[in-house]
Amino acid sequence: CLRGAEQARNRFQSELEFIQCLANPNYLNFLAQRGFLRERPFINYLKYLLYWKEPEYAKFLKYPHCLHMLELLQYEHFRKELVNAQCAKFIDEQQLLHWQHYSRKRTRLQQALAEQQQPQQQPPPHGNAATK
Amino acid sequence: DPNMAAVAEKSTKERLLSVLDDLEVLSRELIEMLALSRSQKLPQPGEDTQILELLVQRDREFQELMEVAQQQGKVHQEMQLLEKEVEKRDSDIQQLQKQLKEAEHILATAVYQAKEKLKSIDKARKGSISSEEIIKYAHRISASNAVCAPLNWVPGDPRRPYPTDLEMRSGMLGHMANLPTNGVNGHLPGDALAAGRLPDVLTPNYHWHSSDVPVGMLPPHHGNDFGLEPPGHNKENEDDVEAMSTDSSSSSSDSD
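Quick mapping for you: the protein sequence lines, in order, are chains Y and W.
In case it helps, my numbering puts the first sequence at residues 23 to 154.
In case it helps, my numbering puts the second sequence at residues 59 to 314.
Don't read these hints as lab results, they were simulated from the structure.
Cβ atoms here follow ideal geometry from the backbone N, Cα and C, with glycine treated the same way.
Misleading hints may appear alongside valid ones.
Stated by the list, open to error - What the simulated footprint calls covered on chain W by chain Y, stretch by stretch (three residues with Cβ under 8 angstroms from a Cβ of chain Y suffice, anywhere in the stretch; the number is not a length):
id : segment
1  : 82-90
2  : 186-195
3  : 200-209
What the hints assert, rightly or not - With a Cα cut of at most 25 angstroms, we get these calculated BS3-like pairs of lysine-lysine:
id : chain 1 : residue 1 : chain 2 : residue 2
4  : Y       : Lys81     : W       : Lys68
5  : W       : Lys181    : Y       : Lys69
6  : Y       : Lys102    : Y       : Lys75
7  : W       : Lys184    : Y       : Lys75
8  : W       : Lys71     : W       : Lys132
9  : W       : Lys184    : W       : Lys173
10 : W       : Lys159    : W       : Lys146
11 : Y       : Lys75     : W       : Lys146
12 : W       : Lys184    : Y       : Lys69
13 : Y       : Lys81     : W       : Lys181
14 : W       : Lys194    : Y       : Lys81
Bound conformation, chain Y alone (with noise of 0.2 angstroms):
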């Protein structure tokens, strides 16, 4: 019964590695050049991996962005294209931009915030006013 409940468990921790190592768009290409994602088990793994989107497992996961490739994977276009590194390269680049983009957009309202809150002493540096 032990030895039971201790398999469980290291199935669940696997698939918990696993579902998150889909969130690394070169992993994918890794897995595409090797022809994982053309094996029908494989695939069939994928679409059972997809319980992972219930509340109940989700919390588990650091890495949410897997999900969404997870759901990617479903599609056989998405699959095939991944052999591809330049691909694997675009979501790379995309997805960080996308990390980026709450950072980003902080940053620059912290800016206008700070730009707000300073009076206007100095002209604008680019000033072609005839000022002085």
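Take the given structure of chain Y and dock chain W to it, following the hints.
Frame of chain Y, contents of chain W only:
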């Protein structure tokens, strides 16, 4: 009752007209006879009496028929009044019908909307998660920079929104594969980790391969063996991770 017979009987109008005709004929005959009797003797002795009698008879018929006609007129008027009543009732009924239809429509809409509301209440209830858990989770994924880049991130920073090479190899799966932790497999261009630099120590202690998994937490039972050797985390090594290819029947069936 002679008035009830349909086609065989003549209408009152016809009878009246025929009696008037008779009266006209008889009157003419009488007048002709009287005109003639001035100059000649009557051809037949009792003829004038006959005609007079007939006249009187016809007149009596005429009077009777006029009474009948009057009665019929009254009846006809009543009929018209009743018809008007019927028309009014008919339009009342139609009006009621319209209103009932409208009411039905409104009620049906109300019932439908109520049902939709119930459905969405149900849905919301099903999807309800404690706010505490959500906040915990939100903290977990943002504090670890998993979904939002750290504010001081610049290109060259090894941190990523996904498990990096090193992280993958330091996990359970990586250890099962007994992978060497040196070596760059080069599929993370620009990844400082791949170049062998320090691992990411800035991440708070949320392990991505979490050890705070409750004991009773189980993956769902999968009935079919996927029949695969799961891919390793290293290009070279592919015969690893026995746990995944375990026959499922022994795993979750006897959990207590």
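- Task: Could you tell me which of the numbered hints above are not met by this structure, giving the numbers in increasing order?
- Result: 1, 4, 11
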